[in-house]
Amino acid sequence: MLEIITSVNSAVNSFVWGPVMLALLVGTGIFLTFRTGWIQVRRFGYIMKNTVGSLFRKSDKDHGNNLSPFQAVTTALAGTVGTGNIAGVTGAIFTGGPGAVFWMWFAAFFGMVTKYSEITLALRYRQVSQDGTHCGGPMYYIEKGLHIKWLAMAFALIAGFACFGIGNISQGNEIAGAMEGLLGIPPLYTGIGLAVLVAIVLLGGVKRIGQVTSYLVPFMAIFYILAGVGVIALRITEIPAALVLIVKSAFSFEAVGGGAFGYAIMVAMRQGFARGVFSNEAGLGSAPMAHAAASTEDPVEQGMWGVFEVFIDTIIICTITALAVILSGVLNAEGGLDAFTSKGAAAVAAFNTILPGTLGGTVIQISLLFFALSTILGWSYYGEQCWSYLFKGNKAVLVLFKIVFIAVCVVGATGNGTLVWDISDTLNGMMAIPNLVALLALSGVTAAETKRYFKK
1 MLEIITSVNS
11 AVNSFVWGPV
21 MLALLVGTGI
31 FLTFRTGWIQ
41 VRRFGYIMKN
51 TVGSLFRKSD
61 KDHGNNLSPF
71 QAVTTALAGT
81 VGTGNIAGVT
91 GAIFTGGPGA
101 VFWMWFAAFF
111 GMVTKYSEIT
121 LALRYRQVSQ
131 DGTHCGGPMY
141 YIEKGLHIKW
151 LAMAFALIAG
161 FACFGIGNIS
171 QGNEIAGAME
181 GLLGIPPLYT
191 GIGLAVLVAI
201 VLLGGVKRIG
211 QVTSYLVPFM
221 AIFYILAGVG
231 VIALRITEIP
241 AALVLIVKSA
251 FSFEAVGGGA
261 FGYAIMVAMR
271 QGFARGVFSN
281 EAGLGSAPMA
291 HAAASTEDPV
301 EQGMWGVFEV
311 FIDTIIICTI
321 TALAVILSGV
331 LNAEGGLDAF
341 TSKGAAAVAA
351 FNTILPGTLG
361 GTVIQISLLF
371 FALSTILGWS
381 YYGEQCWSYL
391 FKGNKAVLVL
401 FKIVFIAVCV
411 VGATGNGTLV
421 WDISDTLNGM
431 MAIPNLVALL
441 ALSGVTAAET
451 KRYFKK
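By the count of the numbering used here, the sequence shown reaches residue 456 at its end, each step adding exactly one.
Please note that the accuracy of each hint is not assured.
Stated by the list, open to error - Heads up, simulated DSS-like pairs for lysine-lysine below, C-alpha to C-alpha not over 30 Å straight-line:
# : residue 1 : residue 2
1 : Lys451    : Lys149
2 : Lys149    : Lys402
3 : Lys207    : Lys402
4 : Lys49     : Lys451
It should be emphasised that the hints constitute simulated quantities derived from the structure, not laboratory data.
Please build the complete structure, drawing on both the sequences and the hints.
Pasting the structure below:
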């Protein structure tokens, strides 16, 4: 039975993360870029001023039962910035070569508009309860915008199950590994501690999740960015050559892997697109659920945070990992990625090559710890929103979801969970199908909202 499940999952996974779907994901971003008038280029300065710049302006606004715009974006980033920004990027470069980085940038450039569109639609069609609480996401704009209830339910069901794997088991496994490596703590103890921590946050509702992520996400991002910049600075003279290598490799037609993987340009494109989409989740429909809870009234104002989100996740954090790997020379290791026990171990080796002693490994382990923890918190909210939509806010169902989600933290820390992770990876990609249908069909709404806002 397990062999059948594994075989079926592998076939579905090869499609949802295959060339056709990746082209559709990136193609949707290109289409939406034209429909919104290249907003990520023409309005980039304005967007940064009204996202990052707004953090330095005092606000006395009462957000009620909802999140502040910043708490909404940190909750979304908590679910987005994860172990894939380190281990995933490293694996992509080993498999697709340095050229994968260029295509990762390419996907992110257009992904900025994809995520902008998702968030704009999430606020445009969100539901407001009697106490003023906001709920939204792809399931709501599919139902209210497209009037296709079954497709909305399909998205919610897929994402509701995906949260246990991608958003919990795989992350708990990374946390257990980091804690054992840093402090020698057994995985079981880590799992129990993680379950208690998640319970404290999760049982406090969306407000507590937003409060925790508003402190956790900036800290972990700044920590990794500063450490990464420090690593790159030690090889600063080699950066121009590394950038040239990235661009040249992106358009190389030489065979890689002895010809086993086809032409380098195709492998680099696939790895870069996959890593770009998987790291920033543009098009998957996860982040809009967090942004819909913001107290922001204008859809476009919150949508602009989507551009910032993709920029910080892929253009900044993923690029730091990529440059560290390329500058360290670990790509020349005999046996390639097989020379290391895991993709994370290859990233550790890259940082250790440049930093003295084992300092690099410590930086990676601490970063993985916080990245994984934030992902669990972010996805706990996504799961709650999906099951709430499916069962119309039934409190008994939501309590059961929270209990199971908390218990799974122990399972993730102590088990292997490879099959569960693989299935959840497939579900993660399947989320994109109903979401992309909605983004394309409702692109006129996004364009109209954009035109109205900037005309004003």
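How the hints compare with the structure:
1. Distance check on the hinted pair: Lys451 and Lys149 sit about 29 Å apart at the alpha-carbon level, within 30 Å; holds.
2. For the given pair, Lys149 sits about 25 Å from Lys402 by alpha-carbon distance, which is consistent with the 30 Å threshold.
3. In summary, the hint linking Lys207 to Lys402 is supported, as the alpha carbons are separated by about 16 Å, within the 30 Å threshold.
4. For the hint linking Lys49 to Lys451, the alpha-carbon distance of about 19 Å falls within 30 Å, and the restraint holds.
Going down the numbered hints, you'll see the structure goes against none, and every one checks out.
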